[in-house]
Amino acid sequence: MSGSSEKATDLPVLLPAAHRLAAAAAAERVTGPVPRPTLWLGLMLFSIFAFSIGLAHAQGAPEEAETPLGALWRWLPVLLEGFVFNIAISFIAMMLGTIVGTLLGLGQISLMPAVRGSSWFLTQFFRNAPWLVLLFLVMLLVPFEFRFGDTVIPFPGWIKATIGLALPVMANVSEIVRGAINSVPSGQWESSDSLAFSRRQTIFSIILPQCYKRMIPPWMNLYAILTMATVLASIVGVDEMMTQTRRALAAEGGATQLLVPFYSFVLICFFIYCYPIARLTIRLERRFAVKL
Amino acid sequence: MELIETWFREFYQSSGINLTIVYDGFDRDRFLRGLGNTVILSVTCLVLSVLVGILGAWLLGSRFGIVRRFVQGYVQIFRNTPPLAQLYFFFFALGALLVITAELQVGQATFERQVPALSNYQWAIISLSLFAGAFNVEIFRSGIEAVPETTIEAAEALGMTRWQIYREVIMPLAFRICLPALNNNLVNLVKTTTLAYAIAVPELLYMSNQIWSDSVNVPEMMMVLLFTYIGLVAILVFGMHRWERAMRLPGFGQ
Numbered sequence: 001m002s003g004s005s006e007k008a009t010d011l012p013v014l015l016p017a018a019h020r021l022a023a024a025a026a027a028e029r030v031t032g033p034v035p036r037p038t039l040w041l042g043l044m045l046f047s048i049f050a051f052s053i054g055l056a057h058a059q060g061a062p063e064e065a066e067t068p069l070g071a072l073w074r075w076l077p078v079l080l081e082g083f084v085f086n087i088a089i090s091f092i093a094m095m096l097g098t099i100v101g102t103l104l105g106l107g108q109i110s111l112m113p114a115v116r117g118s119s120w121f122l123t124q125f126f127r128n129a130p131w132l133v134l135l136f137l138v139m140l141l142v143p144f145e146f147r148f149g150d151t152v153i154p155f156p157g158w159i160k161a162t163i164g165l166a167l168p169v170m171a172n173v174s175e176i177v178r179g180a181i182n183s184v185p186s187g188q189w190e191s192s193d194s195l196a197f198s199r200r201q202t203i204f205s206i207i208l209p210q211c212y213k214r215m216i217p218p219w220m221n222l223y224a225i226l227t228m229a230t231v232l233a234s235i236v237g238v239d240e241m242m243t244q245t246r247r248a249l250a251a252e253g254g255a256t257q258l259l260v261p262f263y264s265f266v267l268i269c270f271f272i273y274c275y276p277i278a279r280l281t282i283r284l285e286r287r288f289a290v291k292l
Numbered sequence: 293m294e295l296i297e298t299w300f301r302e303f304y305q306s307s308g309i310n311l312t313i314v315y316d317g318f319d320r321d322r323f324l325r326g327l328g329n330t331v332i333l334s335v336t337c338l339v340l341s342v343l344v345g346i347l348g349a350w351l352l353g354s355r356f357g358i359v360r361r362f363v364q365g366y367v368q369i370f371r372n373t374p375p376l377a378q379l380y381f382f383f384f385a386l387g388a389l390l391v392i393t394a395e396l397q398v399g400q401a402t403f404e405r406q407v408p409a410l411s412n413y414q415w416a417i418i419s420l421s422l423f424a425g426a427f428n429v430e431i432f433r434s435g436i437e438a439v440p441e442t443t444i445e446a447a448e449a450l451g452m453t454r455w456q457i458y459r460e461v462i463m464p465l466a467f468r469i470c471l472p473a474l475n476n477n478l479v480n481l482v483k484t485t486t487l488a489y490a491i492a493v494p495e496l497l498y499m500s501n502q503i504w505s506d507s508v509n510v511p512e513m514m515m516v517l518l519f520t521y522i523g524l525v526a527i528l529v530f531g532m533h534r535w536e537r538a539m540r541l542p543g544f545g546q
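One line per chain: the protein sequences are P and S, in this order.
Counting in the numbering used here, the first sequence runs from 1 upward without gaps.
Counting in the numbering used here, the second sequence runs from 293 upward without gaps.
If you're looking for bench data, these hints aren't it; they were derived computationally from the structure.
This one's a predicted model, so the numbers in the text were calculated from it and none came from an experiment.
Just to be clear, a hint being listed does not mean it is correct.
Here are the simulated distance ranges between beta carbons [stated by the list, open to error]:
id	chain 1	residue 1	chain 2	residue 2	range
1	S	Phe530	P	Asn182	21 to 27 Å
2	S	Pro472	P	Gln201	31 to 37 Å
3	S	Ala438	P	Val152	55 to 61 Å
Under 7 Å between C-beta atoms, here's a sample of chain S residues computed to sit facing chain P [to be verified]:
id	residue
4	Glu448
5	Val510
6	Leu517
A virtual CB, placed ideally from N, CA and C, is assigned to each residue, including glycine.
Using the sequences and the hints given, assemble the complete structure.
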């Protein structure tokens, strides 16, 4: 592997591969070691957006003074408020789901067959049911307020939607926890047994600390999926971004030239929020994959 | 049949559990139509998304940088935006712009009017296939990458052409590597078909919603709905596992 790189090997058998590898290396020297999609993506998104605005403008009535971008600017506070609400729902649902899901995941490795069985059943049930159906389930079957004597605890739609979204998150977290615990080599269990740790000590001070690293990438991935699922709440009537967008469009009198810019604005907002999470997840996955 | 219907009617009288889809012909027809639509929608999107995935993975190996970048951009955009927003974008935004002129006949007179070029059903298929296809591109790409370099070099040493290597060595191995991930994604796709509810495609959730609105039996229908979807997913998982086992190469993988 020394000398000039024109011919990487002298063995005739490997020549086709050597040629291919040399070509790949040459290409890599031009484009850089890793593909850099971020800049390109940005450009692409921007051009799609600009194109859609242009298209919309061409479609719109020529005498109209306001451009679609102007209308979008006017509605921006309402739309962004909706987006912040999406993020808030995703935070709360993630928190709820993680807490309950971790307990359920620990239940799945319980020594008591009843606990183990029921945790397994709950996990599989909520993991394999569609998110939207679970959302409907909670929205329609949970009452809108709870009465304890004279005190009335209201239960508005967005809280119910958050709980509905937390259910599948719970089941997925449960699987993540179980998977991470199972991925710890069994020697760890045996050696802590031989050191006379109790089961609780083994789980909380030996097994779980080794799991956190493995759980973070899938957990972040789940968070991104959840954030994208918060839009489902618009179907059941929560005032989040998609609902606000549709209201804004209705308020504009269903103007066709506004449709593409407004809907692509929703897509762009979520993309800007979720894409960095996805990149970070991949990077963490790579970093944690080395140590096993 | 009569007997079952009567039994479920009496069951409602005695227990209050109202399963109209068993004893009421109208509700049963609606439910079965919804189920059929969900199955058709799922199968169509399944096939199309796998095709999109294969095409995308193939284009990712293209010599032209712009093609690779385009496919990467497609994958990242569809993976990182909400599927429902994509569906709305396609149906409400693009669907409103893509119109064709159709002739409408009323009595003797013929009118020309603008109608959407694609129905909500077609838009749902397009949107869901592209959404699942973006994941499939990544899955197939990582499968192709996971084929050991040495195996390819060995094939080159045997004097196989590029196309032969692709067809006889890389594809069979890559396909077996990516089956589990593909399995997961297809299960996800079946669950995502419920989103078509939002654009009034008469699939299972939509039909069930109509049934529980008419017959006021939300809890019962909810349970039926959940178990039906879990049943559909179970059938898919069972089939894919059978296939996975049938395709297993002795000594490859685990």
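Tested hints:
no. : hint                            : verdict
1   : S:Phe530 x P:Asn182: 21 to 27 Å : 23 Å, holds
2   : S:Pro472 x P:Gln201: 31 to 37 Å : 35 Å, holds
3   : S:Ala438 x P:Val152: 55 to 61 Å : 58 Å, holds
4   : Glu448                          : 5 Å, holds
5   : Val510                          : 5 Å, holds
6   : Leu517                          : 6 Å, holds
Checked against the numbered hints above, the structure violates none of them.
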